[in-house]
Amino acid sequence: MKIVALASVLLCGGILIFGTAGFPDFGDPLSPPASHVSPHYIEEAVAETSVPNIVTAVLADYRGFDTLFETAVVFSAAMACFFLLRVFREDERSPSEKLYRHLPTGIILRIDPGGKAPQSNEFEPIDPTWVPHDMIVKTTTRLIIPFIQLFGLYVIAHGHHSPGGGFQGGVILGSSLILYALSQNLRMAIGRMGETVSAVFCAAGVFIYAGAGALCLLMGANFLDYAALSPLFGVDAIQARSLGILVVEIGVGLAVMSAMVWIYYNLASVGRHQEGL
Amino acid sequence: MSQHLPALPVIVPLLSALLITMLGWFKPRLSFPIALAALTVALLSAVGLMGRVLSSGAAAYGMGGWNPPWGIAYHVDHLNALVLIAVLAAALVGLIATRKCVKEEFAERIVPFYTLFVLFVTGLAGILLTGDAFNLYVLLEVASLTGYALIGIGEKRAPLAGLNYILMGTIGASFYLLGIGYLYLMTGTLNMADLAQRLPAVYDSHVVALAFFICLTGLFVKMAFFPLHGWLPNAYSHAPSAASILIAPLTTKVMIYVMIRLTLTVFTPDYAFDILDIGNAIVWLAVIAIVMGSALALAQNRLKHILSYIVVAEVGYMVGGFWLGNRAGMTGSILHIVNDAAMTLCVFLAAGALLTRIREDRLAGLQGMFRKMPLSMAALAAGGLSIIGVPPTCGFFSKWYLISGGIEAGHYGFVAALLFSSLVNVVLFFRIFEIAYFEPLGQGHGHHRNDPSPMAEAPTSMLAPLVVVAVLLVVLGLYSGNLVSAIIQYAIPAQII
Numbered sequence: 001m002k003i004v005a006l007a008s009v010l011l012c013g014g015i016l017i018f019g020t021a022g023f024p025d026f027g028d029p030l031s032p033p034a035s036h037v038s039p040h041y042i043e044e045a046v047a048e049t050s051v052p053n054i055v056t057a058v059l060a061d062y063r064g065f066d067t068l069f070e071t072a073v074v075f076s077a078a079m080a081c082f083f084l085l086r087v088f089r090e091d092e093r094s095p096s097e098k099l100y101r102h103l104p105t106g107i108i109l110r111i112d113p114g115g116k117a118p119q120s121n122e123f124e125p126i127d128p129t130w131v132p133h134d135m136i137v138k139t140t141t142r143l144i145i146p147f148i149q150l151f152g153l154y155v156i157a158h159g160h161h162s163p164g165g166g167f168q169g170g171v172i173l174g175s176s177l178i179l180y181a182l183s184q185n186l187r188m189a190i191g192r193m194g195e196t197v198s199a200v201f202c203a204a205g206v207f208i209y210a211g212a213g214a215l216c217l218l219m220g221a222n223f224l225d226y227a228a229l230s231p232l233f234g235v236d237a238i239q240a241r242s243l244g245i246l247v248v249e250i251g252v253g254l255a256v257m258s259a260m261v262w263i264y265y266n267l268a269s270v271g272r273h274q275e276g277l
Numbered sequence: 001m002s003q004h005l006p007a008l009p010v011i012v013p014l015l016s017a018l019l020i021t022m023l024g025w026f027k028p029r030l031s032f033p034i035a036l037a038a039l040t041v042a043l044l045s046a047v048g049l050m051g052r053v054l055s056s057g058a059a060a061y062g063m064g065g066w067n068p069p070w071g072i073a074y075h076v077d078h079l080n081a082l083v084l085i086a087v088l089a090a091a092l093v094g095l096i097a098t099r100k101c102v103k104e105e106f107a108e109r110i111v112p113f114y115t116l117f118v119l120f121v122t123g124l125a126g127i128l129l130t131g132d133a134f135n136l137y138v139l140l141e142v143a144s145l146t147g148y149a150l151i152g153i154g155e156k157r158a159p160l161a162g163l164n165y166i167l168m169g170t171i172g173a174s175f176y177l178l179g180i181g182y183l184y185l186m187t188g189t190l191n192m193a194d195l196a197q198r199l200p201a202v203y204d205s206h207v208v209a210l211a212f213f214i215c216l217t218g219l220f221v222k223m224a225f226f227p228l229h230g231w232l233p234n235a236y237s238h239a240p241s242a243a244s245i246l247i248a249p250l251t252t253k254v255m256i257y258v259m260i261r262l263t264l265t266v267f268t269p270d271y272a273f274d275i276l277d278i279g280n281a282i283v284w285l286a287v288i289a290i291v292m293g294s295a296l297a298l299a300q301n302r303l304k305h306i307l308s309y310i311v312v313a314e315v316g317y318m319v320g321g322f323w324l325g326n327r328a329g330m331t332g333s334i335l336h337i338v339n340d341a342a343m344t345l346c347v348f349l350a351a352g353a354l355l356t357r358i359r360e361d362r363l364a365g366l367q368g369m370f371r372k373m374p375l376s377m378a379a380l381a382a383g384g385l386s387i388i389g390v391p392p393t394c395g396f397f398s399k400w401y402l403i404s405g406g407i408e409a410g411h412y413g414f415v416a417a418l419l420f421s422s423l424v425n426v427v428l429f430f431r432i433f434e435i436a437y438f439e440p441l442g443q444g445h446g447h448h449r450n451d452p453s454p455m456a457e458a459p460t461s462m463l464a465p466l467v468v469v470a471v472l473l474v475v476l477g478l479y480s481g482n483l484v485s486a487i488i489q490y491a492i493p494a495q496i497i
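Taken in order, these protein sequences are the chains called A and B.
All the letters of the first sequence, read from the start, carry residue numbers 1 to 277 under the working numbering.
All the letters of the second sequence, read from the start, carry residue numbers 1 to 497 under the working numbering.
Treat the hints loosely; a few may be bogus.
[As the list claims (entries may be wrong)] Only part of the chain A face toward chain B is listed, based on derived beta-carbon distances under 8 Å:
(1) P29
(2) P32
(3) A72
(4) F151
(5) N222
(6) F223
(7) S230
If you're looking for bench data, these hints aren't it; they were derived computationally from the structure.
We put the beta carbon where it would ideally sit given N, CA and C, even for glycine.
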């Protein structure tokens, strides 16, 4: 079986290498991809959409419909993780031991399944997996997380002019929250941004995108034709395209951020989110 | 609003799926009504779309107001309007029929279930409507990802079957994407109509041939064409019955549509059938698929496994019929997409109905089921007769076109495979009928029965749609002539005779 697999991999690889022989030359300005559709984007993007970053113009306007569904893919992935992993009843999987930290001393107690939990206020329940109790890590992350988030917002808002946009900015924002969960613990992160918020924001992010498209439809233009939004923004049709892109980028950022956080919650706690959350 | 009809079957379900999450999170009872409304609106707009195509020809829609090839365009003609109606109707009937089932099987997971299912239908509708080769891939991702989740949620072996499906499905989709990348490299465009215009100039390039083969291989994996069918039987039989009822009738059919679209619209029929001349080879592959699918179905002893292998054989019917390359074969293939969606829905729904009353779908456990659940078994019988190809059920008519296409093309291997498969189906279904009808209730081989009452039908909410689908099999059969003369003949290019 392994030999068959190796042979088919080699065959596929050979065929693909054989295919490259007929490709247009690398960097050839006359090759079909460089001479058919692309020149239009390069020459007309600013005039048609008033977005200086051509990549953003193609991604969010010319081919904005693809991007809408890419965002829907991110949402589906998060929803699929929730659907498959989330544990709704404690008895769905075997109960595990519980850990409590004695706050004044930092000593950790392990309570076996069925054991009696400590009642005093001096104990805090902690994740059964690794939980740091490191002041340096906690303090440093507490200092840098706001700056990471600020940078994330900048990347979302500045996607028109520089590399960036909703996906990248959303990932940065999401990773700041995951960093918080890693450096503190999952429980505190969920306290900051709960499951309901993650789920509803994730759907709302995609809804902002699709809703902006549907709004164009209600204004009488085609789906996602942001030019139709010009009366709402109070600018001309070309400027409206640029602002429309900003709106959908915000939606993408929201969806991606929440999806990352939500997927992390479900993966990191194997769907338990710890009892009682 | 009517100029927006091509976009509605995709936009309405998408927005509704998001609404299901946002509202259902707080009020889970809302999720079913929203899903129902979304699919109803989508189906109505698909019917409206078909009306428009019939009265004034193919319709186009530029997303974002951009004209192709700069932007993404939707393109609706007889072929995709027909398949769209079949897919949305099957999804809607499945949705209504599985309401109780979903409530019981998924309890707390109702909201994500309906969100994922409506997104799944969104993806399929988008695949059918789009006129852009890359957009098709993006929607394929939506449909696949949600499909994996719905299948993987089942018990015991379902997660493994789901993982297998993810691996195979991802490879299939990546192959398709790679092929589209090659086509972009050779033409500089992703729009299907534009590709069709620019490709003939580079037909002699081996990169284009390679792109065609890679795309086709990817689609073969996705549609479970033997021997790339490995993921399907376990995925469909271990999935929860609600998920298999909703997914089994749809995925493979949509992938066959994509194959037809790729061959007829993106490439020209001359390219596939004359320049590459692979029609004959693929029909032989289809012969193997039909024979092996039927033979493997014969070796199973569980109802859902049998039905899954029948799906594998049916994929062979449609692929083979299309690649015969003549009008009769293609007509049979396209007609069979519609009929097979209805037949698969019928038999999987009947299996789901039986499974509400019995624990396991082992054939031996079906004794006395005709007395216990007469209507569900009658519907299973109707589905079985249609799969065998007994007139006047719809299965007979598409098989008739396929066989006459085979005879016309002189491809007797394909004809023989179809007849062999029909005989195997006779054996399969009559074995089920024999156990369920003649072997009396209560004399099982030590089989434990929890409900001794003589009549215990499935809940009405499931039974009523099942009966409707079973009747539809005959109605579709009686009107298949009209279907062919009014719609399908326009879906096939005039140059094919």
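Report task. Return the numbers of the hints above that this structure violates; sort them in rising order. Result -> 1, 4 and 7
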